[in-house]
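> Go ahead and model the full structure; you've got the sequences and the hints to work with.
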Amino acid sequence: MKKLIMILALAFSIIACKTETKKTEGSLERSESATETPFLAMGEFDTKAGDFINKEVKIQGIVDHVCKHSGKKLLVVTDDGSVHITSDTRFEDTLTGSEISLTGIVLEERIDESYCLQMEDDNIKSHSEGATNDELFETKKKHIQQYRDQMKAENKDYLSSYSLKYVSHIEVE
Amino acid sequence: MKQLRKWSRILHRDIGYFFIGTTIIYGLSGIALNHMSDWNPNYSVKVNNFTTSINLEKSSSTKNNILLLLDEIDNRKNYKKHYYPNSNNLKIFLKGGSSIMVNVATGNGMAEYLKRRPVFYEVNFLHYNPNRIWTWFSDAFSASLILFAITSFFMVKGKKGIKGSGGIYTALGILIPLLFLIYYL
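Going down the list, the protein sequences come from chains A and B. If you read the first sequence in our numbering, its first letter stands for residue 1, the second for the next number, and so on. If you read the second sequence in our numbering, its first letter stands for residue 1, the second for the next number, and so on.
Treat the hints with caution; some may be incorrect.
[Stated by the list, open to error] Okay, derived cross-link-like pairs now, SDA-like style, lysine to any residue, Cα gap no bigger than 25 Å in a straight line:
#1 B:Lys95 to B:Arg76
#2 B:Lys95 to B:Asp74
#3 B:Lys81 to A:Thr103
#4 B:Lys91 to A:Glu92
#5 B:Lys163 to B:Arg13
#6 B:Lys81 to B:Ser44
#7 B:Lys81 to B:Glu112
#8 B:Lys81 to A:His84
#9 B:Lys81 to A:Ser163
#10 A:Lys68 to B:Phe125
#11 B:Lys91 to A:Gly43
#12 A:Lys58 to A:Thr103
#13 B:Lys95 to A:His65
#14 A:Lys68 to B:Tyr83
#15 B:Lys81 to A:Glu92
#16 A:Lys165 to A:Glu99
#17 B:Lys46 to A:Gly71
#18 B:Lys80 to B:Ser44
Hints were generated in silico from the structure; no laboratory data involved.
Right, dumping it as structure tokens:
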């Protein structure tokens with residue numbers, strides 16, 4: 001048993017050293033690339049993000065919300081707008097209310113008729129299963145109709161919704 | 001066979017002792033996180049409704065007015081940041097994850113105070129793999145669970161062993177997830 005504990009202690013100390021080294025290398029790479037990253041103001045994100053699809057951009061705002069389920073989604077806001085962030089790693093919920101400068105890759109999601117139909121199906125299914133109440137069901141229904149109305153008004157087959165895939169962030173004082 | 005039984009018992013017992021704490025961590029957090037849609041597993045939430053006469057419309061003195069509001073209903077030292085989600089509402093973030101939403105036109109507001117749930121906050125934090133070292137440790141724990149399953153085949157002989165009632169329990173334990181898969185997948 002003593003041997004087992006010693007082996008485990010040794011293994012963890014080796015892993016700890018390796019992990020620290022990797023972290024340092026990662027942050028160096030990030031700081032080098034950060035100097036060239038274009039900055040998008042939150043108020044212009046929706047209109048300009050289309051020019052940077054699959055490219056890195058930088059934004060700055062306050063973390064309004066960290067997803068309580070996965071911890072891998074953020075909503076970053078300012079008075080002028082908001083941006084959804086997705087990540088492969090979890091965020092600390094203590095990040096809520098902090099002002100951050102965040103670098104991420106612009107992702108485009110296209111909302112078209114098939115997307116609306118899928119949303120409709122999901123809405124009906126979750127409502128019939130009792131997962132959503134009448135109010136939420138009606139709200140989602142209106143939301144889907146808004147998408148359709150907007151596509152019609154803009155004479156487009158789809159709407160683009162932009163978000164960021166998280167790369168790195170720093171807290172701003 | 002005698003040696004296999006002996007070592008199965010030793011490993012099952014000693015590694016079992018070693019991972020008692022980890023088993024409790026994953027057991028508690030597993031229940032807490034399974035019911036995430038019914039409660040907030042990390043924080044208890046207390047809501048406090050209030051009305052204020054302080055002018056919180058967007059202006060150059062907004063920050064000062066927010067601090068005056070916090071003097072009234074909380075503590076100005078807890079101020080973190082604020083923003084206007086729309087022209088009618090102001091959201092103030094407080095230290096510790098709490099927040100306040102105020103309708104600047106009516107002065108009606110709602111403060112949502114979050115308080116960490118003792119024990120649950122800590123076990124949930126670990127459940128979500130806070131770093132690589134914990135990932136390795138929890139991998140070792142998961143591997144030990146497989147080892148427990150294997151060693152349990154050889155630990156007891158006779159009618160309570162795998163050839164007796166132990167075998168029936170094992171079959172039932174495998175059958176239940178299989179039935180779920182057949183029905184729901």
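> Taking the numbered hints from earlier one at a time, note which ones the structure violates and give those numbers from smallest to largest.
none
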